[in-house]
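Here the structure of chain A is known, so what remains is to put chain B in place on it, guided by the hints.
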Amino acid sequence: MTALIGPNGSGKSTLLRLFAGLWRPDNGEMLLDGNPVHSLARKEIARRVAFVPQETQIDFAFTVGEILAMGRYAHRGRFSPQSQVDHHAINSAAEYCDVTHLINRAINTLSGGERQRVLIARSLVVEPEFILLDEPTANLDIHHALDVLQLCESLSRKGKTVIVATHDFNLVTRYVTRLILLQAGLVIAEGPQQEVLGPQTIQEVFHVEAEMVPTKTGHPVYVFHQRTGFQGSVQGTRLD
Amino acid sequence: MSAVAQSNPLADISSTSRLRLSIFYGFLLPVVFLSLLAGVAIGSTHISWSTILRVAEFKLLPQAWTSSVHITNADEVIVWLIRVPRVIVAFFVGAGLAAAGVLLQALFRNPLAEPGLVGAGEGAVLGGVISFVTGWSATSVLSLPLMAMVGALLALFIVYAMSTRGGVTPVATLLLAGVATSALLSAVASLLLSVNIVNWQIAQEIVFWMMGGLDARTWTHVWLCAPFVVLGIAASLLQTRDLDLLQLGEETAASFGVDVESSKRMLTLTAAILTGAAVAVAGLIGFVGLLVPHAVRLILGPSNRTLLPASALTGGAFLVLCDLLARTIHPPTEIRLGIVTALCGGPLFIYLLLRQYRGVAN
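In order, the protein sequence lines correspond to chains A and B. For what it's worth, this note's numbering labels the leading residue of the first sequence as 1, then goes sequentially. For what it's worth, this note's numbering labels the leading residue of the second sequence as 1, then goes sequentially.
Okay, chain A solo, but in the shape it has when bound (with noise of 0.2 Å):
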């Protein structure tokens, strides 16, 4: 499992489209196997893509199992009903991410947390590659966060490139095996937390005093102090 990290704006969900090919590059090309991402057909690259969206929210009353047949659509024709090979695929994907019991309510009636697991779901649905989660963890408390991240780490064992862009990377060090750092649309640094996110880096890219602190995990998180100049910015001006 691979981590896109960054501060807002670096270019991380910018990325994720490129390569699911929901958009068009500017300059170059995006290449899948060699291929320019954008030269395949749509459901050609949807079969092989699954992009897992920031935003949850969905405000129509479709259920989850509704939800989770859209994702067989690039594999069915357009006369073809339901195949037994797509309702393996979306009832094994409701099991892996444990969302069965959940399969005849609507949508719009879930947790946070329960909807990004159905959507996660969904992408497994699709059966593909690469799955790409933009932000998975950013509405979610810590418990549903975790709980996300752990069943994206399972989907990567299993055998999925699994890529997650987020800014937290406290959060994803101990589940990912390789980060990309990203800065004003550059990748800085690319490896394990080791050599990527050491202090040094962290103050040049999030401008932000980093501390490292060992954990049992053997993984270390970050404790980040707020640089005194603009501390004392914030000081000069009246908020209140």
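There's no promise every hint is true.
Stated by the list, open to error - Derived DSBU-like pairs (lysine-lysine); straight-line CA-CA distance at most 35 Å:
{"id": "1", "chain 1": "B", "residue 1": "Lys59", "chain 2": "A", "residue 2": "Lys160"}
{"id": "2", "chain 1": "B", "residue 1": "Lys59", "chain 2": "A", "residue 2": "Lys43"}
{"id": "3", "chain 1": "A", "residue 1": "Lys43", "chain 2": "A", "residue 2": "Lys160"}
{"id": "4", "chain 1": "A", "residue 1": "Lys43", "chain 2": "A", "residue 2": "Lys158"}
Derived by calculation from the structure, the hints in this document are not laboratory data.
Then chain B, alone, in the frame of chain A:
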């Protein structure tokens, strides 16, 4: 077999929703049938059931099987040339408007979208007016629905381009773009009418047509409308899975393999065919495309595969009943059909609007 079904949660959901669907159609089909029958049987002139049956027999069965001895000429005219075509036109117009509503709601991702609101209705009216003033409608009656469809299509393109940015359509922009475009198109239609007022015969024809309604509809109107509505509904049924995904957002739809641009084009074209066919024979009847899909969605859920055909049938029956109400509530005068549908649909529209502004969409 049943053991397999039990271990399979999805077999379970499809059986519960199938049950709900059978109950729904169990109610709906008799209602459709009875509304059509009532539409023919009830009216300002009393005609007995047996006469209606005999006219139907005479018209529908081979000559050798029946005799026309018990039917007067007046009965035949009232039943076969006045009431039956009117009821059939009402049914297809209602079905077309309801189906167009379903399509537009998915396209704009908003339960408020309906042909009258997003400019398609006024576009169709303008198209019709153009076919009158150019004289095309006199050369070929088919030019009326075709021009109405072209008008609806152009209006939809304009409103969509104005209200949607990056696959997102805010409610406020949708309403404003729809209202502004409708006002502009209807002004152009009125302008064309004013310019042609000297040609009294054409002007009269246009005014009568623009007023809409279902009085004095003939078999010609049936043939101008029904085939296009059937075509439009058939085309929509091929797009229901695209509709479901588009309803979740264009980016999501694209990421699951929908060719969003071509899907939207097909969807807009289909909605324009349905709206144009309805407006060409009945004028602009508001709120059917809003009211019917909303009610059906509450019962059957938002999945377009079930919503679309169910809304079309319900819309047909709904408009037949509204028309029946419009011509029997205060005899012998008929109140305009649009009044009845607006009285039913207006309050719902306001309710949906308030709910959206409180941030809870359907």
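Hints versus structure:
At roughly 67 Å between alpha-carbon atoms, B:Lys59 and A:Lys160 are farther apart than 35 Å, so this suggested pair is violated. At most 35 Å may separate the alpha-carbon atoms for a hinted pair to count; B:Lys59 and A:Lys43 exceed this at roughly 52 Å. For a cut-off of 35 Å, the pair hint linking A:Lys43 to A:Lys160 stands: about 19 Å separates their Cα positions. As the CA atoms of A:Lys43 and A:Lys158 are separated by approximately 23 Å, the hinted pair is consistent with the 35 Å bound.
Checked against the numbered hints given earlier, this structure breaks hints 1, 2; the rest are met.
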